[in-house]
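Engineer: As a plain string of letters, each chain reads:
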Amino acid sequence: MLEQQIVNGLMLGGIYVLVAVSFTLFFGCLNFLNFSVPALFMLGGFLTWALVSEGVPWPLAVLGALAVAGAASLVVERLTWRIQRGGPPLVPLVSSLGFLILFENLVLVRWGSDARALPSPFGDANWRIGELVIGLPQLAGLLLSITLVLGLQVMLRRSKLGRGIRAVAESAETATMLGVEVNRVVPRLFLLAGLFCALAGVLFALSYQLVSPYMGDQVALKGLSAMVLGGMGNVWGAVIGGLVIGLVEVLAIGILSADHVNIVVYGILLLILVVRPTGLFGDPELGKQKL
Amino acid sequence: MSGYTAAILTILAINLIAAYAAWLPLAAGQVNLGTAGFMATGAYASAVLSNEFDWPLWGAIGAGALAAGLLAVVIGAAVLRTRGLYLALATLAFNEVVRGVLINLEVVGGAAGYPVIGYVGLLPIALCAGGVFLLALWLSASRLGMTLHAIEQDETMSGLFGVHVPLTQLAAFAIGAVLAGLAGGLYGHHFSFVEGQHFSVLLSVTIVLSVVLGGTQTVWGPAIGAAFFTLLPELFRGAEGWRYVLFAAAVILVMAVRPQGVVTRGMLRRAMFPRRRAA
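Chains as they are written, first to last, in my numbering: chain A, 1 to 291; chain B, 1 to 279.
You may find that some hints are simply not true.
Just so you have them, the derived chain A footprint on chain B, three or more residues with Cβ under 8 angstroms [stated by the list, open to error]:
| no. | stretch |
| --- | --- |
| 1 | 3–16 |
| 2 | 67–81 |
| 3 | 96–105 |
| 4 | 256–269 |
Hint data in this document are derived by calculation from the structure and do not stem from the laboratory. Glycine included, each C-beta is placed from N, C-alpha and C at the ideal position.
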């Protein structure tokens with residue numbers, strides 16, 4: 001049923017949107033491809049499960065998981081961007097990959113590598129329109145993603161922090177000279193972007209009720225693809241990219257099979273990059289700097 | 001030599017070849033996250049030649065490496081127009097497409113993997129790794145090596161000085177892919193088994209970043225990086241579950257202390273021409 005698959009695709013896309021926005025914040029503002037994003041996503045989802053299974057009520061579990069992931073993102077800032085800025089741009093990538101391995105294996109040591117099932121806190125909360133089934137938690141997640149992205153857009157335009165972030169994105173040196181406290185703005189950016197992808201992990205866990213230490217790897221690759229597909233330096237590009245990748249993935253599963261998903265999704269990404277080397281809606285100047 | 005030592009040395013030699021495969025484009029400022037895709041191409045192509053066409057071992061491995069190089073010329077011609085992160089993502093997408101195709105290709109066993117007839121031991125693999133190192137040493141001192149370094153420093157300027165930038169980048173990309181294909185062919189014929197799952201994007205990312213950790217400025221960097229990423233997890237084997245936690249902490253620590261990579265140009269210069277300190 002095509003309508004059902006479109007609905008499912010958009011729900012999945014909402015999660016990719018959050019991950020893509022997180023990547024955009026790191027990359028668009030700091031030129032930093034942050035490989036710790038999959039780990040922060042996983043911490044959000046996995047720790048929600050861990051706390052719920054310890055008997056913590058789920059709203060508190062979600063808050064706890066987000067708090068840990070946010071703190072983790074601040075640690076990443078201290079040991080990557082803060083000490084390595086101005087150097088070769090690939091270096092923070094190595095450290096962030098180190099953090100990906102670190103966080104995944106810390107979870108692995110404590111809880112093992114099995115996938116765990118998270119009981120749905122909402123029971124069977126579905127909204128039925130004729131034959132169409134819309135999961136209410138997923139719908140709420142999608143609306144929350146879009147709202148947060150809208151809020152982020154307003155925040156970047158209007159607030160002092162947003163202006164600081166945009167100034168750092170232009171040039172950290174000039175921003176410093178103009179009185180922006182870079183070492184206060186950048187940790188907040190890490191916190192914000194970290195919370196976005198951790199929240200994506202929470203939504204993923206609540207929607208699909210399955211978590212594992214490696215749950216972030218494939219999702220983050222799709223989120224990264226969504227950012228590149230939409231084009232960088234453009235929050236709306238990330239939104240459209242995320243929704244498109246979600247739709248393509250679900251339709252590829254429905255029409256072909258689950259085994260062909262990656263060929264279709266990444267094949268389309270490769271094709272678009274060959275035809276339009278800066279993504280669909282990208283600012284042609286962004287993202288071409290040396291990695 | 002114990003079986004364990006031999007096994008580790010074999011993996012080290014294969015990883016060393018893969019590291020130089022990623023280093024060549026990196027020296028020209030291109031991040032190729034498709035290295036594992038080219039390894040898979042070499043591994044599967046040589047395996048098919050060995051299994052189905054009864055090619056002699058080294059003929060099959062050599063042809064597999066060339067197949068990876070040819071594929072790189074085709075892919076490179078299309079994706080090398082992209083820059084920076086877009087290039088990294090285009091090669092990453094290529095990697096996932098190759099893996100997806102191999103996993104679904106039933107003639108080579110699909111997701112279950114593909115057994116390979118023929119066996120290469122440690123000694124020939126180590127000789128190959130040594131040969132690749134010498135090749136890299138020669139390349140880095142050659143005109144191509146200097147041109148790559150110039151492009152890495154400033155693409156526009158190199159073009160103005162008469163360097164054919166796209167052709168040089170394509171050459172680095174394709175030679176890198178040949179080395180990756182060689183690493184893949186050796187891998188398949190050593191373990192007598194290949195499976196698509198092994199050649200993931202994470203493998204590509206790890207290879208590229210191990211080179212950055214070793215240092216991209218000199219020809220020694222990739223060797224140090226490959227050794228670090230292969231041997232350190234073995235050193236921590238006694239720590240059992242904590243093994244990769246310790247390894248990750250070591251990676252973060254090394255990059256915090258030596259953000260230019262372990263081996264830098266200045267360090268080599270100081271080692272070769274020690275200056276007496278003024279009294």
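Engineer: The stretch 96–105 of chain B covered by chain A? Criterion: 3 or more residues, Cβ-Cβ distance below 8 angstroms.
Structural biologist: holds (count 7)
Engineer: Report holds or violated for chain A covering the stretch 67–81 of chain B, Cβ cut-off 8 angstroms, minimum 3 residues.
Structural biologist: Coverage by chain A holds here, the residue count being 3 at a Cβ distance below 8 angstroms.
Engineer: Using C-beta distances, would you say chain A covers the stretch 256–269 of chain B, given that this needs three or more residues below 8 angstroms?
Structural biologist: holds (count 4)
Engineer: Tell me if chain A covers the stretch 3–16 of chain B under the three-residue, 8 angstroms CB rule, please?
Structural biologist: violated (count 0)
The structure is inconsistent with hint 1 alone, although it conforms to all the rest.
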